[in-house]
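**Q** Guided by the hints, dock chain B onto chain A, whose structure is given.
Protein chains in written order, with this note's numbering: chain A, 1 to 153; chain B, 1 to 153.
No lab work stands behind these hints: they were computed from the structure. Careful, some of the hints might be misleading.
Because identical chains share one entry, a pair is satisfied inside a single copy or across any pair of copies.
What the hints assert, rightly or not - Distance condition first, Cα-Cα at most 20 angstroms in a straight line; then the derived EDC-like pairs of lysine to aspartate or glutamate:
id : residue 1 : residue 2
1  : K89       : D132
2  : K80       : E17
3  : K89       : E17
4  : K89       : E52
5  : K80       : D20
6  : K64       : E40
There are 2 protein chains.
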Amino acid sequence: MTITMEPVAIVVGGRAEAVDDDWGGERAAIVLDEARFTPEAIAGLDAFSHIEVVFHFHQVAEEKVQYSARHPRGNTDWPKIGIFAQRGKGRPNRIGLTVCRVLSVEGLRIGVEGLDAIDGTPVLDIKPYMRDFAPRGEAREPEWAGELMAGYW
Amino acid sequence: MTITMEPVAIVVGGRAEAVDDDWGGERAAIVLDEARFTPEAIAGLDAFSHIEVVFHFHQVAEEKVQYSARHPRGNTDWPKIGIFAQRGKGRPNRIGLTVCRVLSVEGLRIGVEGLDAIDGTPVLDIKPYMRDFAPRGEAREPEWAGELMAGYW
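With the rest of the complex left out, here is chain A (with noise of 0.2 angstroms):
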């Protein structure tokens, strides 16, 4: 079974590289495909202070998605760790996920910061953050993940 997806809008300026730190301050814009769509598909977006943004890592080859366990960061320090139990972008289908915050709305184009994807990122699927989509209950991780985060954004 296989599903196709066109990308509904690309990412425009920010880094020009993936490098792993330091995206925080990291701004950016979300342009929307102008063949397919108006400023009315983000009609009301300005009332969120945060977005969900369904991305593709697009510049991962295929030879590089891992199906197994690996060390994260490929840091010997942590354990080997399952492909879905870690968030790096060689994994199957590529796709990656973040929350950021929205500076602005105009046009077909979203200012967004602190998204972790490179300038020209296709862009799938973009989610008003609603505070009820947060984890129900309180959420539990491994030591591994915090260390790992300490200098993401």
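**A** For chain B alone, coordinates are given in the frame of chain A:
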């Protein structure tokens, strides 16, 4: 530009039809594709309390997909909102995205609670929920969003 994906897993059990509310207590399993994966792919996942599941609204017909604005759930008490400023399932690329609780990890099977995807749903990605991937800064949303979500879980 077309991006092709193959489901990595399938939702087994839980609700048979997409009904809008009361998803919170729903239990199901996410079962990895045994042709491509071994239990290694989810090694270490049991150390996380929650996962983010990216899935495909496979029962939404292409002609039901919205490209501009509509009243959420067709409710005219709420304003007309762009498809990317709401989370309805009739959206371009038909991507669903939810955080749910991990109940068990056994072999190729992840037992979950509170996943709003029906039996048979193709799963495109599974990511561990890390606290550092929550919104940075306080999240603001319009009133209709809280009203819509009131009975969701």
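**Q** Given identical chains, is K80 near E17, meaning Cα to Cα at most 20 angstroms, within a copy, between copies, both, or neither?
**A** Result: close neither inside a copy nor across copies, 26 angstroms intra and 38 angstroms inter.
**Q** Reference check for the pair K64 and E40, CA-CA at most 20 angstroms: within, between, both, or neither?
**A** Between copies only: 17 angstroms across chains, 38 angstroms inside a chain, cut-off 20 angstroms.
**Q** Up to 20 angstroms between alpha-carbons, please classify K89 paired with E17: within, between, both or neither.
**A** Classified as within: same-chain Cα gap 13 angstroms, cross-chain 33 angstroms, threshold 20 angstroms.
**Q** Go through the copies and call it for K89 and D132: within, between, both or neither, with a Cα cutoff of 20 angstroms.
**A** Cα proximity of K89 and D132: across copies only (17 angstroms, versus 27 angstroms in one copy).
**Q** Go through the copies and call it for K89 and E52: within, between, both or neither, with a Cα cutoff of 20 angstroms.
**A** both (17 angstroms within a copy, 15 angstroms between copies)
**Q** What label fits K80 with D20 when the C-alpha limit is 20 angstroms: within, between, both, or neither?
**A** For K80 and D20, only the intra-copy Cα distance (19 angstroms) is at most 20 angstroms; the inter-copy one is 39 angstroms.
Hint compliance for this structure: hint 2 is the single one not met.
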